[in-house]
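S.K.: In case you want the letters, here they are:
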Amino acid sequence: MVKFILRRIMMMIPQLFVLSVLIFLLAKAMPGDALTGQLANNPKMDAQTLAEMREKLGLNDPLYVQYTRWIKNLLHGDLGLSYVHQQPVTDLLAGRMWNTILLSLCILVLTYAIAVPLGVISGRWQDSWADKLIVGYSYVSFATPLFIFALIMLFLFGFKLGWFPTGGSVDIQLEEGTFDYYISKLNHLLLPSLSGALISTVGIIQYLRSEIIDTKVKDFVRTARAKGVPEAKIYSRHILRNSFLPIAAFLGYEITGLIGGSVFLESIFSYPGIGQLFLQSIMQRDYSVVTALVMISGLATLIGTLLSDIILSVVDPRIRID
Amino acid sequence: MTFLRVNQLKVHYPVRGGFFRKVIGHVKAVDGISFELKKGETYGLVGESGCGKTTTGRTIIGLVKATAGEILFDGKDLTKLSRREFVQYRKDIQMIFQDPYSSLNPRKRVLDIVAEPLRNFEKLSPQEEKRKVQGLIEKVGLHSDSVYKYPHEFSGGQRQRIGIARALTLNPKLIIADEPVSALDVSVQAQVLNFMKDIQKEFQLTYLFISHDLGIIRHMCDRIGIMYRGQFVEEGTKDEIFHDPKHIYTKRLLASIPNADPLRRQEQQKLRQQIEKDYEQLYSRYFDAEGRVYPLKRISETHSVAIP
Amino acid sequence: MKKTEYSPFSVLWREVVKDKLALSSLLLLSLILFIVYGASIVLDQEEIVKVDLLSIYSPPSAEHWLGTDYGGRDILGQLIIGARNSFTIGLAITLLTGLIGLTIGLIAGYFGGVIDNIIMRIIDFILILPFLMLVIVFVAIVPKYNVFTFILIMSAFLWTGKARLIRAKVLAERELDYVSASKTLGTPDWKIIVREILPNLSSIIIVNLTLNLAGNIGIESGLSYLGFGLPESTPSLGTLVSYATNPDVLQNKWWVWLPASVLILVMMLCINFIGQALKRAADARQRLG
Chain S
1 MVKFILRRIM MMIPQLFVLS VLIFLLAKAM PGDALTGQLA NNPKMDAQTL AEMREKLGLN
61 DPLYVQYTRW IKNLLHGDLG LSYVHQQPVT DLLAGRMWNT ILLSLCILVL TYAIAVPLGV
121 ISGRWQDSWA DKLIVGYSYV SFATPLFIFA LIMLFLFGFK LGWFPTGGSV DIQLEEGTFD
181 YYISKLNHLL LPSLSGALIS TVGIIQYLRS EIIDTKVKDF VRTARAKGVP EAKIYSRHIL
241 RNSFLPIAAF LGYEITGLIG GSVFLESIFS YPGIGQLFLQ SIMQRDYSVV TALVMISGLA
301 TLIGTLLSDI ILSVVDPRIR ID
Chain L
1 MTFLRVNQLK VHYPVRGGFF RKVIGHVKAV DGISFELKKG ETYGLVGESG CGKTTTGRTI
61 IGLVKATAGE ILFDGKDLTK LSRREFVQYR KDIQMIFQDP YSSLNPRKRV LDIVAEPLRN
121 FEKLSPQEEK RKVQGLIEKV GLHSDSVYKY PHEFSGGQRQ RIGIARALTL NPKLIIADEP
181 VSALDVSVQA QVLNFMKDIQ KEFQLTYLFI SHDLGIIRHM CDRIGIMYRG QFVEEGTKDE
241 IFHDPKHIYT KRLLASIPNA DPLRRQEQQK LRQQIEKDYE QLYSRYFDAE GRVYPLKRIS
301 ETHSVAIP
Chain U
1 MKKTEYSPFS VLWREVVKDK LALSSLLLLS LILFIVYGAS IVLDQEEIVK VDLLSIYSPP
61 SAEHWLGTDY GGRDILGQLI IGARNSFTIG LAITLLTGLI GLTIGLIAGY FGGVIDNIIM
121 RIIDFILILP FLMLVIVFVA IVPKYNVFTF ILIMSAFLWT GKARLIRAKV LAERELDYVS
181 ASKTLGTPDW KIIVREILPN LSSIIIVNLT LNLAGNIGIE SGLSYLGFGL PESTPSLGTL
241 VSYATNPDVL QNKWWVWLPA SVLILVMMLC INFIGQALKR AADARQRLG
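Residue numbers (full-length UniProt numbering), protein chains in the order written: chain S, 1 to 322; chain L, 1 to 308; chain U, 1 to 289.
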């Protein structure tokens, strides 16, 4: 077991390295460098000083020297300076990161809260009208693109019915720390996360459904039934126990989807998170922010996959054999 | 007279383990076997499953790479040939596979299946090709219209005949038959086996017949090699093996053949018990400390046994 | 036991026709595509994109069936051109990724060993990349950005899933004796891959490509919605939807963005229903063996 985890982590190291090289090269390929932004704010700077500053910042060094420096800074938590906002990228990210994590957590909780009961109902009462309804819903939700669904949700529940706020992460008049503040925050989260959750349930529903359908005819379930174990207990003790851990393990794989989803959701609901920041930065050509965000997202997916792989290998020892 | 000669053939697979997936040992599927095939005979390779008999066959035909040793065919060592050079010998060595269901591509018509080797080696016009395939298909006892059908339209026995027709297409000299009837119903087995005997005469074929079924081996083979854990235990003519087995493993194997005569059941039972007792008592005389057999020792012109 | 026809296409086709939902999806999709491609030949794109300041944001009327946008341009015309572009480009990406994924999957699966190992490491790596962000970055920094580069950028990321699927299937397939038989008959490797193994994968490939087509249209229109999809010269359905970023349009001028959204939704649903039916057909066939 320990061996598997160690090997899995070892496998991550080259991936991390290639990821960082890729992003570094992308950053280099982006037009402009650390001085372009300053030049815009300080037009008096002449070519002579500019060249000197370039030299001082090491922008004329060979690529690998620059890369090593970049990595060193990265490891110290220095993500560079935003040209547009003229402040360290880390400061810029701090608040928004929380918003995005909050949104992602909400989506995950809602996804599981919706998908697990539906999957269980659908598997337990296979071919009932409820099952058909759920399967139909899962097909439709699988086919629906997030941005269209979110727009329609915003249009219907935000604008037409006015049930939810239509943008932002909190009512700006409210003071931080008060009870109303948190309620407002939650209220702002609800519609975006519901939009995200309702169409990402399909994987869990289908997995649970087929697992239950497969398991409920297995011998150990028959034995339990023959012993007179009540049906509800058969499900909670025998059938679901086997299915829940893998489902929990899927969490890590969801991270890629969540990052992509946050870009759409935050843009549609004008929710101030890193997805929105990413789009703004790329439009304002604020590339150091872009680079940092891609690196963080890549890292998050890497760790997510690692966690999922490890959890799954605990559940299913066959995976450990490479 | 020697047609094919296998010399100290070894096929080992590395076993990897540990943190860096280093090679920590070997599975010795075939571990130093030698035998000869004479032209026109049927040589049987017998043993329990996993003893390396199939691997031996697959190595001779080039599907598996030999780790060491020689396979001399017409004086040429097949293990030393590159893939391209090997192609010339393809025509002379062909194979009949165990499973007639997976050995025929379900997406191809019988015509395309049987014509595949022709298209690789001979440039024939479509008419010539069709005529040749139809001839072969009739030879194996199927109707010539069958060439337009797909494999799933045939029964297992018929499929195996198609597989045989395919193997015959290039007029091979040696056919390796790897459990050719074990996937078939018992009622069809005899049919296919007798048919194989017929074509052996007609095409002057040499068979390397691989099977775990001693009844079939007795029916088919002139000479027999018994394999155990990648090595030869005993080799001899059919009579020598069946009537004068020397190694305890061979004796045990022979005793396991079921007897159809109910009146002799008692006798058979006693014989088995006797051999089982011998096996336990004399184990150390026939197997070394690692449970492997000893090198073969010649006891007559044709008979060899692995005893110290 | 006896079936007269055994080609995978006919089996899949029969299954789709039997499935009422899939059949109606197929008919609806054909109708949409027929109208879209038919009309886009007749329509004059220059005429549609011409700004008409006198009829800005006019609601649906006899003259403009679906109203106009902020530049007074006809929505219906844009809808048709957009649908054509979205579908064509979705299809192009699907076919290109199909080709790349198939080639790489076949090679990795058939030859195995070191080649397979290297390819799998590359695929593992691409799969952990934040796909959406990287595509946006590429779109933003690629110098000569046009439809062709967009297709290339998308395909560079999207071939991996297919390659993995095909590889897994080939790994199973190459253990079957018909492949060994072909080897002993002297058939060269490339011929075994193309003529023997490939036909046995056709139903899986068809299913996968169909489901991917829907997904790719979704991704393309999504990126266009964000402003990082098709270049402005090639309007997409996503471009029309993106007008809804303006809250006034979203709230009060539904005719600008809703038809395009519904059209994307309908197309994706249709393709998915067809794909699901094909998937069931392919599975059932495998169970029959």
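Please note that a few of the clues may not be correct.
[Unchecked claim] Heads up, simulated DSS-like pairs for lysine-lysine below, C-alpha to C-alpha not over 30 Å straight-line:
#, chain 1, residue 1, chain 2, residue 2
1, L, K197, U, K183
2, U, K20, L, K130
3, L, K149, U, K169
4, U, K169, L, K108
No wet-lab data here; the hints were simulated from the structure.
S.K.: None of the hints should be skipped; say for each whether it holds.
M.R.: Verification of the hints:
Distance restraint check for K197 (chain L) and K183 (chain U): the Cα-Cα separation of roughly 25 Å lies within the 30 Å cut-off, and the hinted pair is therefore satisfied. Distance restraint check for K20 (chain U) and K130 (chain L): the Cα-Cα separation of roughly 43 Å exceeds the 30 Å cut-off, and the hinted pair is therefore not satisfied. Between K149 (chain L) and K169 (chain U) the alpha-carbon distance is near 26 Å, which keeps this suggested pair within the 30 Å criterion. For the given pair, K169 (chain U) sits about 19 Å from K108 (chain L) by alpha-carbon distance, which is consistent with the 30 Å threshold.
Hint compliance for this structure: hint 2 is the single one not met.
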